[in-house]
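**Q** Sequence:
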Amino acid sequence: MIRRRPVTTLILLIVLISAALAVMVWGNYQYTRNFPGGEHFFIDWFSARSLFIDGVNPYSATAQSSMVSFARSVGVVLDPGARYGPPLYAAFLTLPFALVRDFVWARAVWMVVSEGILIGLVLISLSMARWRVKPVLLGLLALFGLLWFHGLYPLVTGNMSILVSLLIAAVFLAIRSRQYEFAGVLLGVATIQPHAMLLFAFFVIIWSFRYRHAKLAGWFFATIVLLSGTVALIRPQWIIDYLRVIIQPNPTNPTISVVLQSFLPAAGERLGFILSALTGLILFMEWFISKKTDFDGFLWTGLLTLTLAPWIGLPTEPAAFLVAFPVIILSFCLWNERWPRAGIVLSGVTALLLLVGIWLIYLIKAGSPASANPGLFFAQPLLLTIMLYWVRWWAIRKPNVWFDQLSNH
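Our numbering runs 1 ahead of the 1-based position in the sequence shown.
Some clues are possibly wrong.
Unchecked claim - Computed list of lysine to any residue pairs in SDA-like fashion (alpha-carbon distance at most 20 Å, straight line):
id, residue 1, residue 2
1, K135, A343
2, K366, V78
3, K135, E338
4, K366, P81
5, K366, V259
6, K135, L147
7, K366, T158
8, K216, A175
9, K366, Q262
10, K216, F203
11, K216, R177
12, K216, F201
13, K216, E182
14, K366, E40
15, K135, G344
16, K135, N337
17, K135, R339
18, K135, V346
19, K135, L347
20, K366, L265
21, K135, G349
22, K216, Y181
23, K216, L227
24, K216, L199
25, K216, L228
What the hints assert, rightly or not - What follows is a set of in silico ranges between Cβ atoms, one per label pair, in the way DEER data are often shown:
id, residue 1, residue 2, range
26, D295, L144, 31 to 37 Å
27, L138, L364, 23 to 29 Å
28, R245, D295, 40 to 46 Å
No wet-lab data here; the hints were simulated from the structure.
Where a beta carbon is used, it is the ideal one built from N, C-alpha and C, also for glycine.
Could you build all of it, start to finish, from the sequences and the hints given here?
**A** Dropping the structure here:
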């Protein structure tokens, strides 16, 4: 009996997990059947089917026209100017779901996977901050990660930023463990959504050369070459097609100047240039002038880079802001370390502000795409930047100041 218990426990665990997954898939299917949507996932799903099943170039006008027509037939409302924009090798990650012919079922399975990834993002963020929390608090943080705008919106629309956020968070952990080759591979795979990670990748590459971890950059570029070469076996000229796409302005991924021009037509372009210049100056100072040789300094600077990326002047979208989620966990952790009582209140108020405040900003213009809502491009970056600079000295392991020590007694 003693020898059989581990086997029985394992079988019971497998049955319970399988049952839970079945319930989640069925529940998500009921949602996707009754509430059509998932426009971002639809673009990836349809484009992957076009490439692997129909043999059609997903960047072509023919594929875009067919995509718009099929979207109407399944009740999906696409944003104006929506098109397939990622590197073609991103279609490999969508391929398992593209094999499902019924879009409603494919979206349901994708949502289950995305929900699991969001929970994983919370867990990895806690590990990054070295924060051990009680089960109740873990549940609350997981619930927050699922329900706040930058978690729930990409979940409902099926945006790839959820997966990219997990990959970037895993890059931090790999670097902390000195697994630089693995970090380079993860960073290379994260290029499936360049606008979400390009500035961060630039920072990591500079850091890797500066501190003699060049193999990270080597594996990063090797991964991109491998992915690009593999998809070139299917469509050799895909890079030319991709370059044509990225040089064309896309209203679904505006720059900060375009966002400012939407409500300040006369001064928006100039203000956007000023904001991008200030952002670049801040990042330059943190990257090069402030010396942070240990992982804690790298973590803080990397998170600042992810937070300020929307203001640097590159095309972006609100769904991609999820990559900065670990900032919230790190700030909550440090607040609670420094002020065990006040930190709980401060974390709760901040979580409420992020949860309710950003949703209210979105709901003010709920009839428009998120990329057409200027407030979304400022709310999270501003709040998270304030949080990062609030905890800056604690995050890079500076000694406690005297009033911090007194507050703990």
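**Q** Taking the hints in turn, state whether each one holds.
**A** Now for the hints, and whether the structure bears them out:
no. : hint                     : verdict
1   : K135 to A343             : holds, 18 Å
2   : K366 to V78              : holds, 16 Å
3   : K135 to E338             : holds, 14 Å
4   : K366 to P81              : holds, 16 Å
5   : K366 to V259             : holds, 17 Å
6   : K135 to L147             : holds, 18 Å
7   : K366 to T158             : holds, 17 Å
8   : K216 to A175             : holds, 13 Å
9   : K366 to Q262             : holds, 17 Å
10  : K216 to F203             : holds, 15 Å
11  : K216 to R177             : holds, 15 Å
12  : K216 to F201             : holds, 17 Å
13  : K216 to E182             : holds, 6 Å
14  : K366 to E40              : holds, 18 Å
15  : K135 to G344             : holds, 15 Å
16  : K135 to N337             : holds, 13 Å
17  : K135 to R339             : holds, 18 Å
18  : K135 to V346             : holds, 17 Å
19  : K135 to L347             : holds, 18 Å
20  : K366 to L265             : holds, 17 Å
21  : K135 to G349             : holds, 16 Å
22  : K216 to Y181             : holds, 7 Å
23  : K216 to L227             : holds, 16 Å
24  : K216 to L199             : holds, 19 Å
25  : K216 to L228             : holds, 18 Å
26  : D295 to L144: 31 to 37 Å : holds, 33 Å
27  : L138 to L364: 23 to 29 Å : holds, 28 Å
28  : R245 to D295: 40 to 46 Å : holds, 43 Å
Hint compliance for this structure: every hint is met.
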